[in-house]
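As you go down the protein sequences, you meet chains F and G in turn. In terms of the numbering used here, the first sequence opens at residue 216 and continues consecutively. In terms of the numbering used here, the second sequence opens at residue 47 and continues consecutively.
Source of the hints: derived by calculation from the structure; they are not laboratory data. A quick note: this is a predicted structure, and the numbers were derived from the prediction, not measured. Glycine included, every Cβ here is placed at the ideal spot set by N, Cα and C. Just so you know, not all the hints are guaranteed correct.
Derived CB-CB ranges, DEER-like [as the list claims (entries may be wrong)]:
| id | chain 1 | residue 1 | chain 2 | residue 2 | range |
| --- | --- | --- | --- | --- | --- |
| 1 | G | Glu279 | F | Glu279 | 45 to 51 angstroms |
| 2 | F | Trp269 | G | Glu257 | 52 to 58 angstroms |
| 3 | F | Gly268 | G | Pro236 | 54 to 60 angstroms |
| 4 | F | Pro314 | G | Ala61 | 22 to 28 angstroms |
Away from chain F, derived, C-beta distances all over 12 angstroms, residues of chain G [said to hold, decoys possible]:
| id | residue |
| --- | --- |
| 5 | Lys82 |
| 6 | Val120 |
| 7 | Glu257 |
| 8 | Tyr294 |
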Amino acid sequence: MRELKITPIKNGTVIDHIGNGLALEVLRIIGVRDLDKDSTVSVALHVRSQKIGWKDIVKVENMELSPRKVNAIALIAPTATIAIIRDFKVREKRTVDLPERIVGVLRCPNPSCITNQHEPVESAFEVARRRPVVLRCAYCERQVDDFLAALA
Amino acid sequence: MVLKGRDLISIRDLAREDIEEVLQVARRMIPVAEGKRSSRALAGRLLTLAFFEPSTRTRLSFETAMQRLGGDCVSIADPSSSSVRKGESLSDTIRVLSGYGDAIVLRHPNEGAARLAAEASDRPVINAGDGAGQHPSQTLLDLATMYEAFGTLSGLKVVLLGDLRYGRTVHSLAHALALFGAELVLSNPPGLALPEEVRERLEHAGARIAEADQLHRAVRDADVLYVTRIQRERFGDEAEYRKVAGSYRIDLASLAGAKSRLIVMHPLPRSGEIAPEVDGSPHAAYFRQAFLGVPVRMALLALILTGKGG
Chain F
216 MRELKITPIK NGTVIDHIGN GLALEVLRII GVRDLDKDST VSVALHVRSQ
266 KIGWKDIVKV ENMELSPRKV NAIALIAPTA TIAIIRDFKV REKRTVDLPE
316 RIVGVLRCPN PSCITNQHEP VESAFEVARR RPVVLRCAYC ERQVDDFLAA
366 LA
Chain G
47 MVLKGRDLIS IRDLAREDIE EVLQVARRMI PVAEGKRSSR ALAGRLLTLA
97 FFEPSTRTRL SFETAMQRLG GDCVSIADPS SSSVRKGESL SDTIRVLSGY
147 GDAIVLRHPN EGAARLAAEA SDRPVINAGD GAGQHPSQTL LDLATMYEAF
197 GTLSGLKVVL LGDLRYGRTV HSLAHALALF GAELVLSNPP GLALPEEVRE
247 RLEHAGARIA EADQLHRAVR DADVLYVTRI QRERFGDEAE YRKVAGSYRI
297 DLASLAGAKS RLIVMHPLPR SGEIAPEVDG SPHAAYFRQA FLGVPVRMAL
347 LALILTGKGG
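Take the sequences, apply the hints, and build the full model.
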């Protein structure tokens, strides 16, 4: 990894190759307010990238992402890569991958959908199309392609 | 695939072979539905009708179907007097009801309710309309009407006329017709075109879709003219509704150049889209269509509850 203008972390997660301008959305998904108050969160915006032109980077100390959060990131920042850091070393590196079924990540944009009616049920979407990504509500079958607006 | 024990939530749950099986069984059920033959195929079985919004016709049609096959029904006919009023979730209500009968027929104002009910229920759930969502038994009876008239669904040329944007019946019907390689011709008032996502899905499923430039020309070549109702409740403004509602009306003159075998269908109730003078014409199939709801629901209930077609 090229040297960056933000400090290395001992343990935590680096989300790299986030599409330009999407870092704040990634932070929203991670839920920065819920993090350990002693953790450092570093954000780099508009960084040169050989792979995707310009990119954003987010580094979060003392945190590993849940599969649900990885799914949410896969939706809004499909080019992102996730590196798990332990003792200053990259222990695991992977690209984000969209599963066939995405549960609890998005809110169905159909106000009349049963998942928006105080039922004890989590939203669920199935992939209707992969390029570009279009999801379909597993309950009301409404299609969704604006994931930023639909983040739960 | 076998229908026994399965839910029926969306027409998309059924493969072409499943639909063919339902239509063939429905055809055999017609004499029973007409009261000319009796059947005890569902004797001792109990169907729970959970209607959370009014729909007399669909409810009666399921009740009739069950009773014609010797089965019984219990129902929540008025949700305002039930536990739902006390704030019970649909999931809990369904979980309780699934302990009573052998299957549940659900009508609910919210889209996706039937899918949720199917997850909560141990017994098969049949969707009898969830909001502006799916209503698969309506689609099956539409198909049964065409199947009875033509002996096949393959290669039919079907004109879909009216509200193609909001009409749920028309989207499900178009999907099912696509499975059989029918040719769809669309004709709608401005602003009520088939949604792009629905169209894309249909084309993906193999539908051949064309737009009607002039209705009379489309009718001339058609096997089926499927007329939909403009859904008044979809228009915020009464004036807007009136403008659209009056924009198409099928009368004898508009059928003048049609093939003799053309059938005119409508999911009913109609509100002026088809003139009463058409009722006596050999083209009128909408009352037969409404009747076929009974044998189609008999077929569904028999197949889902016993796996046998009567």
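Structure-based check of each hint:
no., hint, result
1, G:Glu279 / F:Glu279: 45 to 51 angstroms, "49 angstroms, holds"
2, F:Trp269 / G:Glu257: 52 to 58 angstroms, "43 angstroms, violated"
3, F:Gly268 / G:Pro236: 54 to 60 angstroms, "43 angstroms, violated"
4, F:Pro314 / G:Ala61: 22 to 28 angstroms, "25 angstroms, holds"
5, Lys82, "39 angstroms, holds"
6, Val120, "23 angstroms, holds"
7, Glu257, "22 angstroms, holds"
8, Tyr294, "27 angstroms, holds"
This entry does not satisfy hints 2 and 3, going by the numbered hints stated previously.
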